[in-house]
Structure formats: structure tokens, C-alpha cells
Amino acid sequence: MEVVKIENISRVYQVGKVETRALQGVSLTIGSGEFTALVGPSGSGKTTLLQMIGCLDQPTSGRVFISGQDVTTLNRNQRADMRRGHIGFIFQFFALIPTLTAYENVEMPLLLNGHTPKERRERVMELLQAVDLSDRANNRPDQLSGGQQQRVAIARALAPKPALILADEPTANLDTANGQQVMEIMKRLNQETGVTFVFATHDPRVISYATRIVTLRDGVIEKDSAAGAK
Amino acid sequence: MLQLFKMAFRDLGRNRRRTFFSALAVAIGLALLMLMSSVINGEMGNAIQSAILLQSGHIQIRSATFDENKSSLKWEDLVVNPDQVAAQVSALPQVKAATPRLFASGFLSTGDESAGVKIYGIDPDSAANDPYRMGLLDGSFLAADDREGLLIGKPAADKLHLQVGDTVGLSVNTSNGDVLEQVFTIRGIYSTNTYAFDAATILLPLAKAQAITQTENHASTIFILLNNDADTDSVVSALQGQNLEILSWRDMNQLIVEFETMANSYIAFFYLIILAITASVIVNTLIMSVYERTREIGILSAVGMRGSRILGLFLAESSFLAVGGVILGLALGWGAVQLFNINGFYIGNMGLSGFLVGDTIRAQLMLDDILNLSAMTFIVTLLAGLYPAVTASRMEPVAALRAEK
Chain H
2 MEVVKIENIS RVYQVGKVET RALQGVSLTI GSGEFTALVG PSGSGKTTLL QMIGCLDQPT
62 SGRVFISGQD VTTLNRNQRA DMRRGHIGFI FQFFALIPTL TAYENVEMPL LLNGHTPKER
122 RERVMELLQA VDLSDRANNR PDQLSGGQQQ RVAIARALAP KPALILADEP TANLDTANGQ
182 QVMEIMKRLN QETGVTFVFA THDPRVISYA TRIVTLRDGV IEKDSAAGAK
Chain G
73 MLQLFKMAFR DLGRNRRRTF FSALAVAIGL ALLMLMSSVI NGEMGNAIQS AILLQSGHIQ
133 IRSATFDENK SSLKWEDLVV NPDQVAAQVS ALPQVKAATP RLFASGFLST GDESAGVKIY
193 GIDPDSAAND PYRMGLLDGS FLAADDREGL LIGKPAADKL HLQVGDTVGL SVNTSNGDVL
253 EQVFTIRGIY STNTYAFDAA TILLPLAKAQ AITQTENHAS TIFILLNNDA DTDSVVSALQ
313 GQNLEILSWR DMNQLIVEFE TMANSYIAFF YLIILAITAS VIVNTLIMSV YERTREIGIL
373 SAVGMRGSRI LGLFLAESSF LAVGGVILGL ALGWGAVQLF NINGFYIGNM GLSGFLVGDT
433 IRAQLMLDDI LNLSAMTFIV TLLAGLYPAV TASRMEPVAA LRAEK
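Protein sequences, first through last, are from chains H and G. If you read the first sequence in the working numbering, its first letter stands for residue 2, the second for the next number, and so on. If you read the second sequence in the working numbering, its first letter stands for residue 73, the second for the next number, and so on.
In case anyone wonders, no lab produced these hints; they're calculated from the structure. Just so it is clear, CB atoms sit at the ideal spot from N, CA and C, and this is done for glycine as well. Some clues are possibly wrong.
Unchecked claim - Distance ranges between label pairs, derived from CB positions: (1) H:ASN140 to G:TYR338: 30 to 36 angstroms; (2) H:VAL13 to G:LEU443: 53 to 59 angstroms; (3) G:GLN75 to H:SER226: 53 to 59 angstroms; (4) H:GLY86 to G:ASN87: 40 to 46 angstroms; (5) G:GLN75 to H:VAL13: 35 to 41 angstroms; (6) G:ARG90 to H:THR61: 54 to 60 angstroms; (7) H:GLU185 to G:ASN87: 34 to 40 angstroms; (8) H:TYR14 to G:ASN87: 29 to 35 angstroms; (9) H:GLY17 to G:LEU443: 50 to 56 angstroms.
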């Protein structure tokens, strides 16, 4: 079953009189449960493609379908609703809300989705346990290491049981050991829950976890191949 | 919703110093408004109360032909049998005191100095004359049957170098247009702390004033004090139909009433200035907060928070600032008013003719003003938070996520 279907999308940024083509006619389909790496050098369009898939940005042309729904026709609020219900994000810079505890950060999407306090409590504790941070539930981000913060971000991304998790350079700010731990957790959760992961990276150690590698260069897909995952 | 307020509260705690100073700006704004308002209330209240107690009373009953500016002593311009009329009025439950008064103009002269004066013929026993009795600085108060004594205000006594026991010549216009002169003894020197009144008014027993002006059983007015200002209109209505003119203190103090209206217009202008300054501080604080947290706004947006909730988050912050600022402002404002009232603000003689103002202004804080000003400050602070909140809610998630931390 297709979780993501991209049809010939382009994204052109206009800065002053300068026009930059970040994506040019990209088409891609990602099936349920895939663990896909978007690779390529800086400026190749990896992050832009993730933003299109994540409904954070709109393509200049072409269409993007998430779980069968054309998200290019959605308005701002509808895209926010789509992200809240169907898509989880993991960012390079950890991206936790600094004033909230680990527990509250994971709880945030559940609150936005209107879950009951009991449902929220059970789900948050289950996820913090899954990322091995149940003893850090009451710590704020500044009391956690980079690796721990990224694990909280993973738990938050998984909280609303999304169909798709998008990770932009998830290990770029982590040392090797923490990076490896994060990738192994992502991989395990992918296998246990069947949630689709798409992550952008240019770290060969991270790429080695992927079951599929999509290589971008200058805004076009250069290569799309299955990979021998760890 | 609760989570939103929790986040907003914690966000304010991130930069406590900035939050404190922002709330302080709101507080100082409110405190200034309270002080200004209470000083104006105090000044206007003082002017109105002085005018009522010393000059106009709450109500006066006069002959329809009486012209206050001319202090006419013609019998047809005066109230006949004033004691009887006063007694009838006194029977009304709202009335504290009703007493006849005779107004005349005259001329005081000592050996080598003289001054024009307004003569008040008063019933020394009436409670309506307590302000003069209580303001006695030296000597004794008048007795009803005193035929040679008068009371003089402190500024006039100083000007004419008069002391208790001194004699002074008083020339008075009579009802038939003649001028009579008689020597009087200064029985006492009074001060109502109202320069304009004290400098120009001497007090005589009513009977003596009637005798010297040849007005006999007549008075210029029945001076009425009520227990409560608010009863004025109802008592005026009750007194209508007596074939005499019934005037309320508003009718007799048009200048003060108009001045109060004008003062209120001016003060509204100052309110606007103070609130605009307060609002600009809040806008600045919250805009800084929005730009510092741009990436965070992007994260909230990425996890699916709608713009309306982001708007709510920032409005919640400004509402916390507003609540904190208003509470602090109430304390500061109250303290400022107490401080102001330790000595009051001495203005001395302002030289306003027809306008009785005490020589010291004291602030008077009214509950209505406290509530209105607090509500106004709260609303202005919330409105000031609207622009930053809208800015935050309209941020594009991609652009927000790209922002430097």
C-alpha cells in the first residue's frame, strides 16, 4: 500500500530576481513500512522533498498524495491537521519544546488530537519506555543529552500513531554511539510498528540502515535502489 | 487549553527579567493612571465640596428675581419669612440642615487700609455653618444675638493687619440703596483653607446683617445641605411649586461642572498617551519573544498545531503579563496615592475667581476608577499582544523551522 505518492513535483524558490529550482519533476512512491533514505549532497533537494512530503511546504507544480489524499489542494489548517494525524517529524536539531518536560513533549501531539488523559498517559509512558527514557519523563530538554533529546523526538513523532515518520538528518548532531542508538531505535520501531520512515542523510553509517536508497542530485532523482539493510 | 496556559506561563519564565520589566511597564502605566485619576478626582471633589459647603450648599431656595451677582437687597428679590421656609425644608428626611443666609456687599476699613468684602449673614447655631465654626483659628464664633461682632477670613485679616478684638469700620449697602457704616469688633479669624473664599468673605449674625441692611425678616437664600449628594435631584423635585426658585449645586456651580468635563477630556488624552507607551513596551517584548522562538513556532506547527492555537498561546502570554501587571499596578497605584496623600500637594492660592479650591490637593481613589482603569489596562495589554500573536500564527512552518535558534 502506498503511503506517499509524488507526481512530477517541482519547487522553485524566488529570492529577489534569482530563481532557485530545489526540485525538478520528482516522482516517487513510498510503500507502507519502508525504511527509506534520501541521500545526496547538500543542496540536492533532500530536505525540500521531505518538506513536501510532510506538508510543511507546497510544490510549485505537481501533486503529493499522503495515504491516498492529495495534500497539494489542502489549505493551511488542513495541512496542519494532516501533519497532526498522519505524519511525525524528527529534526536534526532535536526540536523539542524547551519549556516542556520529556513527558509533555511526547504528550503534545496527543493533546492536539484530543486524546483522553488516560490514553495520553498510557501512550506516553509506552513510548518513553520504547526509547528507554521512562526514567527521564520529568526532565526538560536542557537536562537531557543530545541523544536522549532525539529519542524523545522519536517518541513524540510516534505518539499519534502516524502512517509516516520523516527524519531530516536525525543523527547529524549526535556522536557516533548516540547516532547508532537512535538509528537502531528507529529501525526497531519501524519493524515493530510497521510505520514508514523516510529520512534524509548523507552519513554512510545511517544509510546502511535503509532498505531503500533514493539518491537526489540538483533537484532530480538520480538513483532509486533497494539496499542491503543492517 | 490548560496545556496552552501552562506553556504560556513557562514561556514567560524563560526570561524572567524581561517578563518582570514588561509587567512593571504595565504596572507603572496603571499606577500613573490611578494617580492621575485620583488627583483629578481629589481636586474636582475638593472644588465641588468646597463650593457646596461654603458657598452654594446642595440646594438653595431663592426669590425668582434674585440676582446672585448683584447681591440685591430689595425686598422683592429676597425670601420672606426665611426661618419658616427653612423649618419646612428641614423637615425633609434627606436634609441635613437648612438655614437662611443674607448676602450683601460692603467695605471694610481700618485706619489706613480698606478692602471690599462680601458679607454673609448666617445663623450661627445652624449645622450648615460648621465649616466656619471648625475653621476658627483665633477668637470665638459668632453668637446669634451679637450686635457688634464679625468673623473675618485669615487672608483678609492679614491684609488689613487685624487681630481678634480689633475694631473695624464696615460700610454696607442697604435695601433702599443707602450706605450705612458701623464699627464692628473682630470676634474671630477663620480659615476654610480656601483662599478665594477666606480673602473675600466676612460673617455676621443673620439678625445683625438684616438690621444693618434694613432687610428685616428677609434672606437672600435658604441654604440647604443634604445628607447625601445623590439626593439632590429628588429634593429639588420635592421643593418645586413654592413660587420660589429652587437651584441645585450643579446650577450654581456651572463653572466647576464645565471645568470637570474639560478636565475629564484632558485626562482621557493623557490616559491614551500612557496606555500607548505601555502598549508599545508590550508589543516590543512579545515581538522579541516571537522572533526568538521562531523555530519553536515551526516545531509546534510541524506537530500539527493550527495557527489559531499558536495565536492563543501568545495571547495567553500577554494575558498573563496583563494580569501580573494589573495586580502589581494596583499595589503601586495604591501606594502612590497613599504617598501623595501624606502631605498632599500644596497649591496655595490658584487665583481662580469663582472657583473655590482648597489650598492642598489630596488624591481620592474611587472604586469605579480602579475597576475601569484596571479593565482598560488589561484590554490594552491584550490588544498589544495581538500583533505579535498574529505574526506568530501566520509564520510559514518551513521558514520558521529554518530560523536560527
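We went through each hint and held it up to the structure:
1. H:ASN140 to G:TYR338: 30 to 36 angstroms: About 57 angstroms separates the Cβ atoms of H:ASN140 and G:TYR338, which means 30 to 36 angstroms is violated.
2. H:VAL13 to G:LEU443: 53 to 59 angstroms: Cβ of H:VAL13 to Cβ of G:LEU443: about 57 angstroms, so the range 53 to 59 angstroms holds.
3. G:GLN75 to H:SER226: 53 to 59 angstroms: violated, 44 angstroms
4. H:GLY86 to G:ASN87: 40 to 46 angstroms: Given about 34 angstroms between the Cβ atoms, the range is violated.
5. G:GLN75 to H:VAL13: 35 to 41 angstroms: With a Cβ separation near 39 angstroms, G:GLN75 and H:VAL13 satisfy 35 to 41 angstroms, so the hint holds.
6. G:ARG90 to H:THR61: 54 to 60 angstroms: violated, 40 angstroms
7. H:GLU185 to G:ASN87: 34 to 40 angstroms: Given range 34 to 40 angstroms: holds, Cβ gap about 38 angstroms.
8. H:TYR14 to G:ASN87: 29 to 35 angstroms: This hint holds: roughly 34 angstroms between Cβ atoms.
9. H:GLY17 to G:LEU443: 50 to 56 angstroms: holds, 54 angstroms
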